[in-house]
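Trainee: So you can see what is in the structure, the chains are spelled out below.
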Amino acid sequence: MRMICFAKRNFMELTRDVLSLVFEIALPIFLLFIFQQIKIPGDTFKLVNFTPGIIIFGFAFITLFTSTLVAKDRSTSLLIRLGTSPMKPRDYILGYILSLIPIIIIQNVLFFAAAILLGLNFSVSIIWTILISIIVSILFIAMGILIGSLVTEKASGGVGSIVVQLVVFTSGMYFSRELVGAFFAKVCEILPFESSLNIIKGFLNNDFSLISLRNIIVFSLWTIIILIISIIVFKKKMVSDNK
Amino acid sequence: MNAIEVRDLTKRFKDKIAVNNVSFKIKEGELFALLGTNGAGKTTTIKMLSGLILPTSGEILINNMDMKKDVFKIKEILNVSPQETAIAPNLTVLENLKFMAGIYQIESKDKKIKELVDIFKLNEILNKRAKTLSGGWQRRLSIAISLINDPKILFLDEPTLGLDVIARKELWKIINSLKGKITIILTTHYMEEAEALSDRIGIMSNGVMVDIGTSEELIKKTKAKNFEDAFVAIATGGEL
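These protein sequences, in sequence, are chains F and P. The first sequence begins at 360 in my numbering and counts up one residue at a time. The second sequence begins at 119 in my numbering and counts up one residue at a time.
With the rest of the complex left out, here is chain F:
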């Protein structure tokens, strides 16, 4: 109940920031539209491949704005007030995660609505993709909580932007990793963004051969590790911020 109440408040804070909605929803849809107009040859920009890229790109902004919200909460006395309430650490973390799930669903529905308007065929795979995207989004939300717990409100924008850039360059949404050399390909393999993209692509295309075991392991490990670290760091910071 406390967790739901906190989530509701976070949702209101996030959705009342017009800039966050522009970056989380409007910008990815704009990119989807633009890249379909250019008619670039190859498979990367086909709607079945590029829409998952747009989903991951939108999630990168979820990381950015989650980190700003957490950092802002830390900088004001609101967390001091909540720290003296009977809220438990799990209420905070789940409260942040739950508040973002409706935004993730809205994002996905609008992305797919735009993609269908641009020519993507409607299929049940879209529903499955939206559901798997919610699971994938936990990684991005946890990264936001971790960044917001570590840096100030001002710095959170900058660090969040790095995540956006990493997603753009290492997820494979714009170009295949084979095109950029062995070292960079290894980086893409190790970071979780390409794996996240492949998982979503596999579900949308209803072709699970697109999802390798490595993708599942890399994504799962990153998500579990980042989630655990974000909980530990957030708890520690709540105490140390109050010294």
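A portion of the hints provided could be inaccurate.
Okay, the calculated beta carbon distance ranges per label pair [said to hold, decoys possible]:
#	chain 1	residue 1	chain 2	residue 2	range
1	P	147	F	375	54 to 60 Å
2	F	594	P	279	26 to 32 Å
3	F	527	P	241	46 to 52 Å
4	F	378	P	194	35 to 41 Å
5	P	314	F	521	51 to 57 Å
6	F	375	P	126	23 to 29 Å
7	F	481	P	228	43 to 49 Å
8	P	239	F	584	29 to 35 Å
9	P	287	F	588	47 to 53 Å
10	P	172	F	548	30 to 36 Å
11	F	481	P	279	57 to 63 Å
12	P	172	F	588	21 to 27 Å
Chain P regions said to be covered by chain F (calculated; three or more residues, Cβ under 8 Å) [as the list claims (entries may be wrong)]:
#	region
13	191–198
14	204–211
15	305–313
16	337–350
When the alpha-carbon atoms are kept at most 27 Å apart in a straight line, the in silico DSSO-like pairs for lysine-lysine are as follows [to be verified]:
#	chain 1	residue 1	chain 2	residue 2
17	F	447	P	191
18	F	431	P	216
19	F	594	P	216
20	P	297	F	447
21	F	367	P	191
22	F	447	P	227
23	F	595	P	134
24	P	270	F	447
25	F	595	P	227
26	P	229	P	186
27	F	367	F	447
28	P	249	F	596
29	P	216	P	270
30	F	596	P	229
31	F	367	P	216
32	P	186	F	594
33	P	239	F	447
These are computed hints drawn from the structure, not numbers from a lab. Just so it is clear, CB atoms sit at the ideal spot from N, CA and C, and this is done for glycine as well.
With chain F's structure known, arrange chain P on it following the hints.
Mentor: Below, chain P without anything else, positioned relative to chain F:
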């Protein structure tokens, strides 16, 4: 009955001792002012008493419950108005009150909110976003929120800091109306505030509780002309 009992409370941050072996008792319904110079240890003491940070050593009993064992039970019956305004900026005044009522799981939420809106005269700003309010209104809302769970113990950390004279007097009136009903621990830098509002005053210096008494007792003890002089004499050990 004692609402708060503190025994040998110490807080150490690395090599710095913020609060050093402090002991005192506060009776139920009492308004206790905690005074001291900057860095005296007041806010650290309040943070330990409100369960926000753990003491390095010592014992805190709130309504006979041990802070170490019953921290979540204790948190149900206390509330804090922090030094800086603690509100959700993008939420309206009403949404802020509803949000905190939800956090404390208040059963008769609407009734409690109406009561607070009346006491703090928040009606005219009820649907305004908190970030658009003046400092005085934000502080008023912050204190109203701290009463949402009908706390038995209320910590007011410099509640009138930065407010103009009228806003300050208005808050004094509200705090005075709470006297006797709630145990209040108030920290302030305004001597006249402590003198006007409190039943007893504790003076801290360098992490130590130097003296405790009513304002009259402290003036008499130091043979000072007024309370401000008494405070200076106690806080500096008679050096000034």
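Trainee: If you draw a straight line from the CA of residue 186 of chain P to the CA of residue 594 of chain F, is it 27 Å or shorter?
Mentor: This hinted pair holds, its Cα atoms lying about 18 Å apart.
Trainee: Within a Cα-Cα threshold of 27 Å, do residue 595 of chain F and residue 134 of chain P meet the stated pairing?
Mentor: Between residue 595 of chain F and residue 134 of chain P the Cα gap is close to 20 Å, so the pair holds against 27 Å.
Trainee: When you check the alpha-carbon spacing of residue 270 of chain P and residue 447 of chain F, does it fall within 27 Å?
Mentor: Holds - the C-alpha atoms of residue 447 of chain F and residue 270 of chain P are around 21 Å apart, at most 27 Å.
Trainee: Quick check on a hinted range of 35 to 41 Å for residue 378 of chain F and residue 194 of chain P, using CB atoms only.
Mentor: Given a distance of about 38 Å, which is inside 35 to 41 Å, the answer is holds.
Trainee: Taking only the CA atoms, is the gap from residue 367 of chain F to residue 216 of chain P under or equal to 27 Å?
Mentor: holds, 11 Å
Trainee: Within the assertion that chain F covers the region 337–350 of chain P, do at least three residues meet a Cβ-to-Cβ distance smaller than 8 Å?
Mentor: violated (count 0)
Trainee: At least three residues with a C-beta closer than 8 Å to a C-beta of chain F: is that true for the region 305–313 of chain P?
Mentor: violated (count 0)
Trainee: Would you mind confirming whether the straight-line C-alpha gap from residue 216 of chain P to residue 270 of chain P stays at or under 27 Å?
Mentor: Holds: residue 216 of chain P and residue 270 of chain P sit about 20 Å apart, inside 27 Å.
Trainee: Quick one, are residue 229 of chain P and residue 186 of chain P close enough, alpha carbons at most 27 Å?
Mentor: Measuring from Cα to Cα gives roughly 33 Å; hence the hint is violated.
Trainee: Could you say whether the range 46 to 52 Å given as a hint is met by the Cβ separation of residue 527 of chain F and residue 241 of chain P?
Mentor: holds, 50 Å
Trainee: Between residue 239 of chain P and residue 447 of chain F, does the CA-CA distance stay at or below 27 Å?
Mentor: violated, 32 Å
Trainee: Between the alpha carbons of residue 447 of chain F and residue 227 of chain P, is the straight-line distance 27 Å or under?
Mentor: Answer holds: residue 447 of chain F to residue 227 of chain P is near 21 Å, not above 27 Å.
Of the hints listed earlier, those the structure fails to meet are numbers 1, 6, 8, 10, 15, 16, 20, 25, 26, 30, 33, in rising order.
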